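Line by line, the protein sequences are chains A and B.
Residue numbering for the first sequence follows our numbering, starting at 42 and increasing by one per position.
Residue numbering for the second sequence follows our numbering, starting at 658 and increasing by one per position.
If you are wondering where the hints come from, they were derived from the structure by calculation, not from laboratory data.
Please read these numbers as outputs of a predicted model, since none were measured by experiment.
Hints are supplied without guarantee of correctness; some may be wrong.
[To be verified] Taking lysine-lysine and the BS3-like style, the derived pairs with C-alpha atoms no more than 27 Å apart in a straight line are:
(1) A:K397 <-> B:K811
(2) A:K373 <-> A:K319
(3) B:K870 <-> B:K811
(4) A:K397 <-> B:K897
(5) A:K319 <-> A:K335
(6) A:K335 <-> A:K304
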Amino acid sequence: MTDPQASSRNAVHPGSAFWRMQGIGKRYGGVVALEDVDFACAPGAIHAILGENGAGKSTLIKIAAGVVQPSAGKLVLDGAEVTFATPQAANSQGTVCIFQELSLMPDLSVADNICMAEPPCRWGLIDHREQRRRAEALLSRVGCEDVHPLELVKNLPLSRRQMVEIAKALGRNPRMLILDEATSALTAADVEKVYEILRDLRRQGMAILYISHRMHEIEELADTCSVFRNGRHIETFAKGARSDNEIVQLMIGREYTQIYPAKPVRETRPVPELEVSKLSWSNRLSEISLSVGKGEIVGLGGLDGQGQRELLLALFGVLRGVSGEVKIDGNKVRLSSPRFAKSDEIGVALIPEDRKSEGLLLPMSVRDNISMASIGRFTRGIFIDRQRQNAEIDEMARRLSIKVGDIDDPVATLSGGNQQKVVIAKWLMTDARIVLLNDPTRGIDVGTKQEIYQLLRDLADAGTAILLYTTDYDELIGCCDRVSIMYDGRIVRELTGDAINEENIVASALNLTLDGQAETAKPAGEPL
Amino acid sequence: MSVQTSMQAVLKSVDKPVAIAFVFILVMLLAGSLYSSSFLSANYLLQQLQVAAFLGIIASGVMLVILLGHIDLSIPWLVTVGGMMSTAAAGWWGPEWAIPFGVFCGLVFGLINGLGVAILRVPSMIFTLGINAVAQGVMVLHTGGFAPQDHATKLMHWLAVDRSLLGIPNAVFIWAIIGIAVVVLLKRTPLGRYIYAIGNQEAATFLSGVNTKAVLIACFAISGMCSAMAGVLLAGYSNKGYQAMGDPYLLPAIAAVVLGGTHILGGRGSYLGTVAGVILISLLQSILSVMQMPEAGRQIIYGCVIIAMLLVYGRGQKVQS
């Protein structure tokens, strides 16, 4: 603790820091998650924590929030050493954490959830009127007056739930608020609201620890940044002291090259592999027409929850009662089930939204997960031909450079980025000709994102048709040959070439038409 | 060194619950032998295996259902259906029809269970309980005023009681054949892989393009057949198919599967564990009755042992996850 380097690392707010970690370490069995971390937080500042998945950020905040105990070092609050045995203990000392996974109970009302920890009571019974008042006050503080306190949480869209989560945290009157990827589920408008709330809280003197994978958020919000890598605290610096490239280099510990692979230049439209016309479902999708060519990456954009997820599910045969026409390689097909969609004659694959509940079988081995969609190809009689199957799995794991100690370990032991690679590997094993992806890089570190972009481009170059829904505008711009923007269950705009820029994407997502956009961005629905 | 590492590899491949169950079996045998030396005689042990075989066959089927994260509460009356319909078929069409028809009836009820759970999406706990009651009603109708044949055929008796090879009871061979089939199914076939996958996360399995409905139906059908097969053997064992003959088998079968380390919510478990659980429960029942413990005391000890063992590894699993 006395070495000069360590003190210079914390040089930003040395006097004002009220909360510090000294020599904190954490081991899970033989795995070192954090090692000798010195780290401090000052009131009235937003402190961003940067690092790839597996850098130790999650462990850091879990220790700060009392979820896990450090194996070495100490926590110092206002000059006195403290230990948080439970999250409640941390809360009572003013440390409140909003975790990446939502902690709301779907079948309880918004007000019940907000007042979960300490419901207002009268005569030993919950005072519903007071609870509702308190929830209303907190909701208006986060700018969600439109959410009714008695609405059930399960009826709210994901982005609203996240705002309720923030309201719930504010209800505990924190001195230090920790947000772990709090905006990854939010729509652009809500992200702006969260920024405002956070700036407001900063003015009121709250210390805010902010974890995000989105660089522009950090630029916009943070006062101080700390970079972590492999469980170590690498550097802390004031905002603006380092360029983006330098920060990324600190995070990945190697030279940072161009993040998106080059797009191919095309003279003519490629032969369409997937053609959709007038696809409708319930009141969520209406008259969607779209085509994806062989070797093309088509992006789906727009605000969260405008029917993108439903469109991908419909094309994978999950939804019942879909009307309209789908042609694959020129042949009309009726997609009746995922089993049919993945069959050889169709060849559709879907990388689903939530890899933990929809993409993976967490307790099962990496090997079993990779083979899950393609076991049918490796049978001899009624038995699985394990030799042939294992050879192909090993080959696939190598191709995607999935970092795994033993391929028979449970997939739950892998980092988020590697888990996502397993989901992708599972579908590459089926030799799909059309790959649908639902936000595949959510919550994934920069290094793995880059590998996934390269992989998608390589697949496209090999002739695969790719339909990519992403909430990250940068990806639409960097990855996609064409972008279709959805609004309220319809495709409202199709952007190509230079028209794929942030301005057009945002405007179309809000269903606005900007001046001068007419020539490059044509309304969808016209003949292609 | 190499011996040590290979030992470690062997130990690693055996689940903790399975190891605990086998250790517990040994402890019970040793404790029993202090009471009476006949506990370690080959004859006593073979007799225990013979009794365990009936439970083992039922547990083989219900294990598949539990691995899916479901439950089959129709065991008692599907066992009865197997016993009563086989004897009746012998009376109607001749003794060669007895076993096939008994098992076939179990298959039919199992299929109905599977259809209800997979297609109608009724929770298995409710649906199989309903089917259990329906099966009971059908059996009451079957005997009401008709007096069908109720004594077992020679073949059924031979399979359930006789010992033909090396003095090993034939019932044990039947259990072994069914057991090996289940092991091969779980370890070597796509169906087995899908069973574990559905138990872990049905949505992810469905989105992998697996026909999850077919897997559910197949497992309930197999469970129904296993229960009926056990019923056929029980009828052979007591030479008679009679009402409620399967009643004592519901809880022991589920307890055996769970004591053997299969997770009650599905997705985890090995057949070796189920074998251990079946032997453990049969042995426990036998030792308690040999010691002439009164019925009330037997039930209390039996229940406490099940809870105690589940505490031992139920807690361990929670900490691990």
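Hints breached by this structure
Violated hints: 1, 3 and 4; rest satisfied.
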